[in-house]
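Given only the sequences and the hints, what does the whole structure look like? Please build it.
What follows is each chain in one-letter form.
Number of protein chains: 2
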Amino acid sequence: MNEFELIKNYFQQLAKKSLCSLNLNDDVFFDKKNRLVISVDTYVEGNHFIDFKKPDLVIKKIIRSSISDLICKGVKPKYYFISGSGNKKSFSKSNLLKISKSLNDEQNKYKIFLSGGDTVFSNKLSFTITSIGFANNIIYRNKAKVNDDIYVSGNLGDSYLGLLVLKKKIKLNSSLNKYFINQYFMPNIQLQLVNHINKFANTAIDISDGLLTDLDKMLNTQQLSYKLHLKDIPISHNLKKVLALKNLPKVNYISRGDDYQVLFTASKGKKSIIKKIASNYGIKLTKIGSILKVDKKPLILDHKNREISIKNKGYFHQF
Amino acid sequence: MNEFELIKNYFQQLAKKSLCSLNLNDDVFFDKKNRLVISVDTYVEGNHFIDFKKPDLVIKKIIRSSISDLICKGVKPKYYFISGSGNKKSFSKSNLLKISKSLNDEQNKYKIFLSGGDTVFSNKLSFTITSIGFANNIIYRNKAKVNDDIYVSGNLGDSYLGLLVLKKKIKLNSSLNKYFINQYFMPNIQLQLVNHINKFANTAIDISDGLLTDLDKMLNTQQLSYKLHLKDIPISHNLKKVLALKNLPKVNYISRGDDYQVLFTASKGKKSIIKKIASNYGIKLTKIGSILKVDKKPLILDHKNREISIKNKGYFHQF
Numbered sequence: 001m002n003e004f005e006l007i008k009n010y011f012q013q014l015a016k017k018s019l020c021s022l023n024l025n026d027d028v029f030f031d032k033k034n035r036l037v038i039s040v041d042t043y044v045e046g047n048h049f050i051d052f053k054k055p056d057l058v059i060k061k062i063i064r065s066s067i068s069d070l071i072c073k074g075v076k077p078k079y080y081f082i083s084g085s086g087n088k089k090s091f092s093k094s095n096l097l098k099i100s101k102s103l104n105d106e107q108n109k110y111k112i113f114l115s116g117g118d119t120v121f122s123n124k125l126s127f128t129i130t131s132i133g134f135a136n137n138i139i140y141r142n143k144a145k146v147n148d149d150i151y152v153s154g155n156l157g158d159s160y161l162g163l164l165v166l167k168k169k170i171k172l173n174s175s176l177n178k179y180f181i182n183q184y185f186m187p188n189i190q191l192q193l194v195n196h197i198n199k200f201a202n203t204a205i206d207i208s209d210g211l212l213t214d215l216d217k218m219l220n221t222q223q224l225s226y227k228l229h230l231k232d233i234p235i236s237h238n239l240k241k242v243l244a245l246k247n248l249p250k251v252n253y254i255s256r257g258d259d260y261q262v263l264f265t266a267s268k269g270k271k272s273i274i275k276k277i278a279s280n281y282g283i284k285l286t287k288i289g290s291i292l293k294v295d296k297k298p299l300i301l302d303h304k305n306r307e308i309s310i311k312n313k314g315y316f317h318q319f
Numbered sequence: 001m002n003e004f005e006l007i008k009n010y011f012q013q014l015a016k017k018s019l020c021s022l023n024l025n026d027d028v029f030f031d032k033k034n035r036l037v038i039s040v041d042t043y044v045e046g047n048h049f050i051d052f053k054k055p056d057l058v059i060k061k062i063i064r065s066s067i068s069d070l071i072c073k074g075v076k077p078k079y080y081f082i083s084g085s086g087n088k089k090s091f092s093k094s095n096l097l098k099i100s101k102s103l104n105d106e107q108n109k110y111k112i113f114l115s116g117g118d119t120v121f122s123n124k125l126s127f128t129i130t131s132i133g134f135a136n137n138i139i140y141r142n143k144a145k146v147n148d149d150i151y152v153s154g155n156l157g158d159s160y161l162g163l164l165v166l167k168k169k170i171k172l173n174s175s176l177n178k179y180f181i182n183q184y185f186m187p188n189i190q191l192q193l194v195n196h197i198n199k200f201a202n203t204a205i206d207i208s209d210g211l212l213t214d215l216d217k218m219l220n221t222q223q224l225s226y227k228l229h230l231k232d233i234p235i236s237h238n239l240k241k242v243l244a245l246k247n248l249p250k251v252n253y254i255s256r257g258d259d260y261q262v263l264f265t266a267s268k269g270k271k272s273i274i275k276k277i278a279s280n281y282g283i284k285l286t287k288i289g290s291i292l293k294v295d296k297k298p299l300i301l302d303h304k305n306r307e308i309s310i311k312n313k314g315y316f317h318q319f
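Those sequence lines, one after another, are chains A and B.
Residue numbers for the first sequence follow my numbering, so the first one is 1 and each next one is one higher.
Residue numbers for the second sequence follow my numbering, so the first one is 1 and each next one is one higher.
There may be inaccurate statements among the hints.
Copies of the same chain are indistinguishable here, so a pair counts whether it falls within one copy or spans any two.
The calculated DSS-like cross-link candidates involving lysine-lysine, where the alpha carbons are at most 30 Å apart (straight line), are [as the list claims (entries may be wrong)]: (1) Lys89 - Lys8; (2) Lys8 - Lys109; (3) Lys271 - Lys76; (4) Lys8 - Lys93; (5) Lys124 - Lys53; (6) Lys33 - Lys101; (7) Lys32 - Lys101; (8) Lys93 - Lys124; (9) Lys88 - Lys8; (10) Lys53 - Lys8; (11) Lys8 - Lys54; (12) Lys98 - Lys8; (13) Lys78 - Lys143; (14) Lys8 - Lys101; (15) Lys293 - Lys8; (16) Lys250 - Lys145; (17) Lys60 - Lys124; (18) Lys8 - Lys124; (19) Lys89 - Lys167; (20) Lys78 - Lys33; (21) Lys287 - Lys250; (22) Lys8 - Lys111; (23) Lys169 - Lys246.
These are calculated hints, taken from the structure and not from any lab test.
This is the structure we're talking about:
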């Protein structure tokens, strides 16, 4: 059973349709009357982060992952709650100092602050982050239109390379190691987008599970298809270098998740405003494909417009 | 290090004082400008609940525990988020059905609804509940006044007896067993109080860790003391029966926690309105003592006004 089936079979009927317009099937909950936007996510050691050897970096990663849910909806995160379950070792004085310092760094960077939380004893380390923002409206999932362009912010794949480095599944020089590990723990989330995305996006999601998995999620109840151009999918200079050096196919590195970039669609007429905003505010926004009618099959095309088959579309939570 | 020290040493400075008036030292976070009241709590198997053999009952207990934080502040809970971490066994189809049904029961009973959440894989079972309400004002901790009467809602101690039954540390007949186990899993939280408590209470807290521990928490930054009359502390007819039958001292059974009753103080002049509201709405509210100046020592008095010493004041979370 995947998480969609789980929600649909057991929890959907508990939501109040009139108020909970997102119906449990979105990154956030939006209470329009009270302008309240909430994201709740749990991060477990060994699953969402490898271990807790670098508490300062793990904390940065999970805070960014949490507020990324709000950012992709065009909502400025305002404050957050952190609930930690762990043992004495995880919450030693030295680790608590690192956690506190990291939270402080993130608070200054993203203009958010701690509102509360909970610390409980458990042999398994996990954190639940509740992030709160306020907005008159948000950008929903399932609002793409046929012929929309598909865009993504920033670069994809760096975080996955960082994971491979951390798991010792790839060997690079120390400067590249450091670069990718930093991208894994501290993704360049796009706070600036919150002030502009509502000017052009029809629908949006943040990429946590992988480009293709999240593209499917963004369109999930819609009868739509898509085509993507592999050559247009933005990757960093460093990732290009590694792919060339190791002779690795790009297609295997762009949909592995943990990117926390914003995936969105926009009508073709929005092309110039998107270009302008990207340039004025220094936000990298790249057109990577378009939305098709459902009678077309989803396609990923190479530089010669040939179809590419892709094995791993990203991460699916299974129970 | 207890939870107060943990908050004070590592997290207090991350809260925004101007907005977060409760400063992490209360049951809830209150954003007055947005009228938003939030409680976040994590419940771990083996700590907050013994095991998951009765998923339906565990779910009821943790939902009530969570909304109890709002109720004691005079805030009606409106919706909630539930994040579960667990393995395939904990989240089997049969358990998910029970969880879903229990949530539905609680939703109908307390007029709340599910807004979202998260389910992640972990070998250790835990739940984080985020409960949300809206209010123009709330009843804070640390607002007791010298000579205030101290009150408690409902009865204390039944839940602890239930725990002893579940842990096989006390033997009772099957009807008493059932009664106390039900009280342990389904405490009679006082939703009705939210509409009235702001008419009389100066300060309030819900009793989760134990009467005396939570009384200390309610007054924690205040230079105040108290006296309690043991004979006035309300216990159920069934608990009275067990204490008499087994020749157990009442004092050892009234501050063990998990009661989820509301502890509050009120000026002496509020006595008649408290009596009236209690009677009109069928809410049991009992005066159990009074607030003293700090130069007096905290006292628990027996029926002859002799001082009683008490070993176990309740539960303190330690790291």
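Going down the list of hints, with the structure as the test:
Taking the shortest Cα distances, Lys89 and Lys8 sit within 30 Å of each other only across copies (19 Å), while inside one copy they are farther apart (38 Å). Only between protomers do Lys8 and Lys109 lie at most 30 Å apart by alpha-carbon distance; the minimum there is 23 Å, versus 37 Å within a single protomer. In this homomeric assembly, Lys271 and Lys76 come within 30 Å of each other (Cα to Cα) only inside a single copy, at 24 Å, whereas the closest approach across copies is 47 Å. Within a single copy, Lys8 and Lys93 get their C-alpha atoms only as close as 42 Å, which misses the 30 Å cut-off; across copies the closest is 13 Å, which meets it.
Taking CA atoms no more than 30 Å apart as the test, Lys124 paired with Lys53 passes in both settings, with 14 Å inside one copy and 20 Å between copies. Taking the closest pair of Cα atoms, Lys33 and Lys101 come within 30 Å of each other only across two copies (28 Å); inside a single copy the shortest separation is 36 Å, beyond that limit. In the homo-oligomer, the alpha carbons of Lys32 and Lys101 lie at most 30 Å apart only across protomers (27 Å), although the nearest pairing inside one protomer, at 34 Å, exceeds that limit. When the C-alpha separation of Lys93 and Lys124 is checked against a cutoff of 30 Å, the pair qualifies both within a copy, at 18 Å, and between copies, at 24 Å.
In the homo-oligomer, the alpha carbons of Lys88 and Lys8 lie at most 30 Å apart only across protomers (17 Å), although the nearest pairing inside one protomer, at 38 Å, exceeds that limit. Only between protomers do Lys53 and Lys8 lie at most 30 Å apart by alpha-carbon distance; the minimum there is 24 Å, versus 37 Å within a single protomer. In this assembly of identical chains, the alpha carbons of Lys8 and Lys54 lie at most 30 Å apart only when taken from different copies (23 Å versus 37 Å within one copy). Taking identical chains as interchangeable, the C-alpha atoms of Lys98 and Lys8 lie at most 30 Å apart only when they sit on different chains, with a minimum of 15 Å there against 39 Å within one chain.
For the homomeric pair Lys78 and Lys143, the shortest alpha-carbon distances inside one copy (26 Å) and between copies (28 Å) are both at most 30 Å. In the homo-oligomer, the alpha carbons of Lys8 and Lys101 lie at most 30 Å apart only across protomers (14 Å), although the nearest pairing inside one protomer, at 40 Å, exceeds that limit. Taking the shortest alpha-carbon separations for Lys293 and Lys8, only the intra-copy value of 25 Å comes in at or below 30 Å, while the best inter-copy value is 57 Å. Taking the shortest Cα distances, Lys250 and Lys145 sit within 30 Å of each other inside one copy (28 Å), while across copies they are farther apart (69 Å).
Proximity of Lys60 and Lys124 under a CA criterion of 30 Å is satisfied in both settings, with 19 Å inside one chain copy and 23 Å between copies. Taking the shortest alpha-carbon separations for Lys8 and Lys124, both the intra-copy value of 28 Å and the inter-copy value of 24 Å come in at or below 30 Å. In this homomeric assembly, Lys89 and Lys167 come within 30 Å of each other (Cα to Cα) both inside a single copy, at 22 Å, and across copies, at 28 Å. Within a single copy, Lys78 and Lys33 get their C-alpha atoms as close as 18 Å, and across copies as close as 13 Å, so both meet the 30 Å cut-off.
In this assembly of identical chains, Lys287 and Lys250 lie within 30 Å of each other by CA distance solely inside one copy; the values are 17 Å within and 72 Å between copies. Only between protomers do Lys8 and Lys111 lie at most 30 Å apart by alpha-carbon distance; the minimum there is 22 Å, versus 35 Å within a single protomer. In this homomeric assembly, Lys169 and Lys246 come within 30 Å of each other (Cα to Cα) only inside a single copy, at 13 Å, whereas the closest approach across copies is 64 Å.
In summary, the structure agrees with every hint in the numbered list given earlier.
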